[in-house]
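There are 2 protein chains.
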Amino acid sequence: MKTLPLIHDTRLVEPRYKLEQLDLEFSNGERRTFERIHGSGREVVIIVPLLDRDTVLLTREYAAGLHRYELGLPRGRIDPGESLLEGAEREMKEEIGHGARDLTLLRTLSLAPTYMTHVAHVVLARDLYEEKLEGDEPEEIEVVPFKLDDLHELLMLEEFSEGRAMAALFLAREWVRREAGA
Amino acid sequence: MKTLPLIHDTRLVEPRYKLEQLDLEFSNGERRTFERIHGSGREVVIIVPLLDRDTVLLTREYAAGLHRYELGLPRGRIDPGESLLEGAEREMKEEIGHGARDLTLLRTLSLAPTYMTHVAHVVLARDLYEEKLEGDEPEEIEVVPFKLDDLHELLMLEEFSEGRAMAALFLAREWVRREAGA
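Residue numbers (the numbering used here), protein chains in the order written: chain A, 41 to 222; chain B, 41 to 222.
Check before you lean on any hint, since a few could be wrong.
No copy labels: a pair is met if it fits in one copy or bridges any two.
[To be verified] The list that follows gives simulated cross-link-like pairs (lysine to aspartate or glutamate, EDC-like), each with its CA atoms no further than 16 Å apart:
(1) K133 x D176
(2) K42 x E179
(3) K42 x E182
(4) K42 x E199
Bear in mind the hints are in silico, worked out from the structure with no lab data behind them.
Pulled out of the complex, with its shape left as it was, chain A reads as follows (with noise of 0.2 Å):
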């Protein structure tokens, strides 16, 4: 186990953004000052929604970061009040229209751990049901059902650029296949 470096000192120097200075001393003595910015507080979950054990229900959703339509999975965040779980079932039916009886936390996920704080946790749904839920969306999503046997393709797709949900995916399958003794 590597000792971690002690922090000296931390500053806020952009509340809005929430980016944060650390004066970092390496265990070999050198001193560096690093910068990280903190994600919104709230829990953040991205679904894996199993349709039948081979298949995932994807979505079609504008992204405005690249300002274009995407390949991703349903996602959000955890409201006050709800459990992890909870919150990922209502963002289902908000962004796909299916409720889920079995829900399980397969593992949490940074997105960029050497400057940001933010992770994602994954949910695996399976056992599903059609219940549709208002959300904020500004137009309906495209629910677009993708064959867990096929994921090598999707990674070569363009409007699939999402690199934790890949990652998502493939710990699913693994998950699944598992259970299956395969």
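We have chain A already, so just place chain B on it with the hints.
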């Protein structure tokens, strides 16, 4: 192909962080203001360095965002005047003490496409040779060889948490397998 929202106006609301507001009109007439964060403007590369057909060289490095040591991949920003592949090789020499005679751009990944413009280019590096360049790292980065066949185990390690790095490894493995005609 879905019709993209019209952008009626954009405003930079936080210059230090390049936080931008977009006034959008969706094709159904709905109007919303979305926010997005711009990256630094410099290109970013993430490198998958293969020591041999089955072995990738991971890094174990201090990650200020999570204040812990993280397993990951060499990466960095391209310097002015460098090509993507030149920058990728320089980062490799600084972080893992190896250059590569064979560098291939696999694809571009987004970070959080709904609200960040950030992208990173995944570069596969093969035919490695030892060469160390001094970088700006505060301490020596630990180099951790890992078998590509054991990727499913890496998925479950707490100290390997970055979705984008996981996606880059699966992309590289898929690429190598296709070349081998497997």
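### Query
Is it within, between, both, or neither for K133 and D176, if the alpha carbons may be no more than 16 Å apart?
within (12 Å within a copy, 47 Å between copies)
### Query
How do K42 and E179 come out at 16 Å by Cα distance, when the copy is not named: within, between, both, or neither?
between (49 Å within a copy, 12 Å between copies)
### Query
Between the shortest in-copy and the shortest cross-copy C-alpha distance, which are at most 16 Å for K42 and E182: within, between, both, or neither?
Classified as between; 10 Å across copies, 46 Å inside a copy.
### Task
Give the relationship of K42 and E199 under a CA distance limit of 16 Å: within one copy only, between copies only, both, or neither.
Only across copies: K42 and E199 sit 12 Å apart there, 39 Å inside one copy, limit 16 Å.
Of the numbered hints given earlier, the model fails none.
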